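Mind docking chains B and C on chain A? Use the hints.
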Amino acid sequence: MQKNNQNRNKMLMFYQKDKTFFQLVIIAVIVFAAVAFMKPEKFLTSENMLSMLAQFPQFGIMTFSVMLAMLLGGIDLSVVAIANLSSITAAFIMTGSWGQGKSGTVVILAGVAAAALTGAAAGWINGVVVYHFRVPAMLATIGTAQVFQGISIAVTQGKAISGLPGAYSEIGRLDMGGVLPIPFLVFAICVLALSFLLNRTTFGSNIYMLGTNRKAAEYSGLKVRAYTLKVFILGGILAAVGGLVMMSRTNSAKADYGDAYTLQCVMIAILGGVDAEGGAGKVRGVAVAVLIVQFIASAINMFPALNTYTKTLIWGLTLIVVMIWRMFSGASHRNR
Amino acid sequence: MKIINKALHKGEFYLALIIIIFCFFVQMRSGQFLTGNNLVDLCVSMIVPSIFCMGMLPVVITGGIDVSFTALASLSIYVGIDILLRTGYEGSVLAAFLLVAALSLILAASNGFFIAVLDLPPLIVTLGTMSVFQGLLLGILNASSQNVLPKGMSDFGMSSLFCVTNKELDITSAMPYSIFILIGVTAGTWFILKHTMLGRGIYASGGNKNAAVRMGFKVKKIKFFVYCYMGVLAGVAAVIRICMARYNPPGNMIGMEMNVIAAVVLGGASLNGGKGTILGTLLGMGLITIMENSLLLLGIPGYWQTLFTGIIIVAGTSVTSYRAAGTRKITAGREGVRHAEE
Amino acid sequence: MSEYVLRVKGICKAFSGVYALNGVNIDIRQGEIHCLAGENGCGKSTLINIISGVYSRDSGEIELNGRQYKRINPAQAIEEGVQVIYQDFAVFPNLTVKENLSVSTMVSGHKKIMNWKESERIARQALDLIGVDIDLEKEVGEISVADKQLVAICRALINDARLLIMDEPTTALTKKEVRTLFKTVMKLKEKGLSILFVSHKLDEVFEICDRYTILRNGRNVLTNSVEKLDNESFAYYMTGRRFSNEKFAAAKKGDTPALEVKDLAVEGAFSDVSFALYPGEIVSVVGLLGSGRTELALTLFGIQKASAGKIIVCGKQIQMGQVADAVKAGIGYVPEDRLTEGLFMKQSIGDNLIISMIENLADKMGILDRKRMKREKQSASSKMKIKCPNLEQAVETLSGGNQQRVVLGKWIARDMDVLILNGPTVGVDIGSKYDIHQVLRELADAGMGILMISDDLPEVLAVSNRGFVLKNGRISAHFETDKISAEALTEMIGV
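Protein chains in written order, with our numbering: chain A, 1 to 336; chain B, 337 to 678; chain C, 679 to 1173.
If we strip away everything but chain A, and leave its shape as in the complex, we get (with noise of 0.2 Å):
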């Protein structure tokens, strides 16, 4: 008895520790089951469980880009503008004449690192606005996202590019074995080193502190300049990976794709528990919120009736929504 009761209060102390979690995964499987009631023949079908796995990632990925400068008590507004200045830098190499004569693999390579180094360079860009002009980050990644914006569409005229080489566009096709479409691997990494990097790594533990007192943060020897460029920096590679997750997806670059993407972002970061004053926020439980989304993105596509837009509208009202919820139940103050 006295044993059952021990149980008891430690499942209750697991579940206390981590109570966003918890209730996101709770709600989660409502959702699913929810979904899963209404349309059977068409959601628990193979087919649509692999082309979930491949929907998700590339705005699941922008969405920690937002996290992380939520952590820092920021908001960026510019993910979706560096994910197609990146992917377009990408499109430029692995069809510029540079590549012809050299092997696919190189090629591509190439265009990757690319596309990473151009995400990191605007996310230092951000950082140094938001660090050495001292602009609110909502501000400074909305100037920058204009920017970023504007190199893209002067780049391209305005212009899809297209004609990648065959290669890359496989892999947004490819199964692993049949199992684990590419996007979703790339995604379940970009979670597994995140969480890693967030939880057990000083320079995880040290961004949750200065999001939470800068000065503070300061006044213990935190190299608050450092960091606060670095996890922009950090924000924008991951950015630039969303980027070329879409890029293999749509199998084109191009200056507005994704617009939508970057209030589905900040919406899904705040469902999955991250405080926009900073500080607190774990990848776990953007992960989460990150499926919720899209079981409810795969139910809306199941009406032919309701057009996307609908799904603005949904996005919408959860965001409000949740921020009631959590107003209500002081969730976002207490969990790190």
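Hints in this document: simulated from the structure, not taken from any laboratory. Fair warning: there could be bad hints in the mix.
Claimed, not checked - The calculated DSS-like cross-link candidates involving lysine-lysine, where the alpha carbons are at most 25 Å apart (straight line), are: (1) A:223 to C:1042; (2) B:556 to C:789; (3) B:530 to C:795; (4) C:1006 to A:230; (5) C:790 to B:530.
Computed from a predicted model, the values in this text were never measured in an experiment.
Positioned in the frame of chain A, the structure of chains B and C alone reads:
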């Protein structure tokens, strides 16, 4: 002397200086800047975004922000025109203004409710409502372009105060009556901010919210008001814009909010609240508008426009924020010196 | 007309079942300066909020100017002439002095239009009430702290104040500004105003108050006239504890200075500053605000760049201008605004304690050793005697005194050689102050060198073994605490 000294310490002075230098540069390069029709064109392109700015300024002064107003205005103008078309209303444009303003007010009240009453963070709330409004317009209502406007509106769009023709290029630019609306809105906003207790309450609650509550200001009502005011002005501006365009591509205004926020900040308002002036805001919008319009005069292709606007926004907000951080340091230093002198 | 401006009888107030006030009585006579004293959390603020109508009481009686109230709202309180000067003064930094002075009158007059002429008239009248002159057109954010306070006082007075409540008004002021404030307060008393002066500084209470009331844990401890009070019993009544008054005797441990400073200078702040601090010592830095003392601390800790000079820690010269380098070399810094600049409120106690040493708890790749983290958290918290059920709970759940311990604890966890404290006990109540002093002594005994910047001369004399005076950016004198009196020290600092 004192006046000059005071001017030198104001951001507006430098903003005006930059605008003058830029205009001078464009004039030198193209010779087309100081022509009557270009100046009229500039005024015309200033009207709508400047009215948006007059709505945004009070919001920013209270320490808030609103990114939903363009979606809000797009939704209310679409519904407004639809109602007018369905009822076959042929009367004056005034009805359109009143109807759209009323619809906007209802939508804006939801922003006000979430932000002022529930005390939720304004950026995220308005990001949310923005997509709700957009989703309602393009998703639920499935809006498509309204190519015929009610008679009152198209008449208003076609009438003009005066026309200026550039003989060299044979272009004519017309000044619409709506310039008076801009003047009225600007004067009204100035009066509210400077000469009413409501306006002083807007500054007070942005400067020190707790103190404002203790002094007896109804801070929640004030916040509620600024979001509603923003919404109503957005609706008014939308009517003007659609009348001038003579058709309504739904959701076409969405995206303009970034420039509006940037203009307000360029004009010296702080996103932390408590600061901001009408003059500065107009100059900020002026700089962005002149910049955008002059690219064509300079022979730069249109697809460079986003990039240049972005650079202006980043550079401008960087300078403003950096200066603000700098002054804080200087004042702190001065205080130290003052004590040392005692 | 009643003899009493305010009589409060048997006031009780509970927040979610916990009594903040339990049967408190206080009465204030016409033209009296009455001190309200007590430790943080004793119910002082709750009482002020009840008198000014912000909170409603659960039971008890309030009588203002002879009128009985069961329930009083802020508007009624103002009508009865109750005005509160809050610690943060509740001024608007972005508005002019003129507007700050007139705004409450305008709001309470239910005006819709802002009349700037009227505003100026009200503002002038307000400043004339106590005969001060402040530039009406200046923004309040640009004027000094003392002037801000004057603005707050004047604003209170024009609303026909009869009872002025001042919540720890001297905390942010320099010695000279406190003198001016006291003159103003005496002037107000002569005009027949009653003042409720909240303070826990005994010398202030002696100097200015007629009577005092002490609260502890939401109950009255005693009300008496000031003549019948001495230092020791005052502290005892406030805390319920007896404190020993022994002086600190430093035992110099080692001949290599923990910190040696040679010809250090920062342009416009201080120059030619040289001194040595040996392990086991507590050295005080005293001087007026603006004498360069805060800049000195910030330079030692690498926040400000020095324009000349050397800093040597344990015999090794260190790179200046980077906090991280200073920390690595073994210098810790406790800022003046400890709670907002020293703590991560939302994060756990444990994480706060190990923040400054976290790099030592990871391997070369930066991967954390969780077991060691746990050990270090526990050892730091037991060293600092932090009372909490669980180190994973957020710091914001701790009491004020325990939070102070966490701030110190984060440096102790790391075993620093030098600890610099800026105003270590500003705004801290007597009990916690004593505890902090105790901790500092223990740290010195354990071999740390401590540099303490303080305004509080009794603290300087009791806690440190020697010190030096900064005046206009230069060291003007050295002193040993057992050979100098507070008066002589005041003389040395100058006014």
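Hint check results:
Between residue 223 (chain A) and residue 1042 (chain C), the direct Cα distance comes to roughly 17 Å. Compliance with the 25 Å bound is thereby established for this hinted pair. At roughly 18 Å between alpha-carbon atoms, residue 556 (chain B) and residue 789 (chain C) fall within 25 Å of each other, so this suggested pair holds. At most 25 Å may separate the alpha-carbon atoms for a hinted pair to count; residue 530 (chain B) and residue 795 (chain C) meet this at roughly 13 Å. Note on residue 1006 (chain C) and residue 230 (chain A): the hinted pairing holds, with a Cα-Cα distance of about 21 Å set against a maximum of 25 Å.
For the proposed pair residue 790 (chain C) and residue 530 (chain B), the alpha carbon gap of about 12 Å is at most 25 Å, so the pair holds.
Figure legend: structure checked against the earlier numbered hints; every hint is met.
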